[in-house]
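K.L.:
Can you build the whole structure from these sequences, using the hints too?
Yeah, the sequence shown ends on 381 if you go by the numbering used here, and it's all consecutive.
Hints may be right or wrong, so weigh each one.
[What the hints assert, rightly or not] Straight line, CA to CA, 20 Å or less: simulated PhoX-like cross-link-like pairs of lysine-lysine:
(1) LYS38 - LYS367
(2) LYS168 - LYS363
(3) LYS109 - LYS82
(4) LYS50 - LYS67
(5) LYS79 - LYS111
(6) LYS225 - LYS45
(7) LYS7 - LYS111
(8) LYS45 - LYS79
(9) LYS142 - LYS111
(10) LYS38 - LYS109
(11) LYS64 - LYS79
(12) LYS64 - LYS7
(13) LYS254 - LYS225
(14) LYS7 - LYS224
(15) LYS154 - LYS168
(16) LYS224 - LYS323
(17) LYS179 - LYS355
(18) LYS67 - LYS86
(19) LYS154 - LYS364
Keep in mind the hints are simulated off the structure, nothing from the lab. Keep in mind that this is a model prediction, so the values were computed, not measured.
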Amino acid sequence: MKKLNICLVSLTVAPDSQDGAAKFIRGVFDYLNKQDQFIVKLITAKWNENLNIPNIIQLKIIKKSFLWIPQFIFKTLKLIRKQHFDIIHGNGPKGSLPLIFLSNKKKFLSSLHDLGPFEAKFSLNFLEKYLFQWVAKKAIIITTCSNSIKNEIKHYIPKISINKIYNLYSAIEDKFKPYPKEAQELKKKMGINGPILLYIGRIASYKGVEDIISAYRIAKKINPNLNLIIGGKPDFYMEKNYEEWKCKYKDIYFLGFIPEEIIPFYYSMADIFITYSYAAEGFGLTPIEAIACGTPVICSSLPVFKEILQDNAIFVPPKTPPILAEEIINLMKDDEKRDAMIKKAMLYIQKYTWDSVGKKLQKVYQNFLTFEKNQKF
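P.N.:
Okay, here's the thing in structure tokens:
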């Protein structure tokens, strides 16, 4: 049987980047590589480190606003035009940007993970929206990682056909599991005494990190031994705020970038994981990772979190630090509730595996090939 040539295109990929979209496309690449019927190449930009992984092609680009765009488009198109691909799959609006300029004979599908350009206050809001709409229109199939995002795409782009949008969800890697020994050693190494609240993710305005800090300050008045760890790098717009926080809140552990291989140790060390976005979430990978490592989750009451986590987290309205603090205090005092929560949640998240997601993706690819075949006649 002839093997299918698949080209994945993404602006970022894990572990060179740790955002959800970068982890998603890396998961897709790894899954497809394990299947005998596919030959897979992943084209991406090089931002931080050399991956040196066969069939992941990292393009050298200028790492500045706008300047990366022409290089990424030109170099990606040059590679795609050198080889025949049966399936071309873009990841996110920016990852799909070069594919817009393919000839009409070459079709592609795109994974769109969130509605950030429509919901969050980005400085380039208009351009981000336009790119999202352009990609959504040109792609013959769109995949999303939740039904919430699927419905929101239809809401913000009414003319789009809901039938071209497929929900895949996302998945976590096998490495996310409890590491009690490593967690204990890490806590000792950091010199931490007392319970730990943890946030890991991008430091962006819509992520609600400042609200987490405010809630922590309130909760710490009740429990002086409480600790807060914040892992992740600030985006360009939050760098000033981040540096101010580091100077102002000396009792908070601002870790910056955390190497991918030790993130599970931090999840395992925490008593509660908090993610508190008020917009622009497509799936919510970090709370699933935290649960897999045996840590209960408190998160904002965004529809996507409720869809993904069901009743396996405590939900708090966004932008309400006093309510968040109250839930932190209550959960921290109730060991029995924490244990019951995590026991139930760890069973629930077993549905988010790459085996499950990969099988759905293969069906989407089959639909893509059927569409292309019908277009030729």
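K.L.:
Any hints from earlier that this structure breaks? Give me their numbers in increasing order, please.
P.N.:
6, 10, 12, 14 and 18
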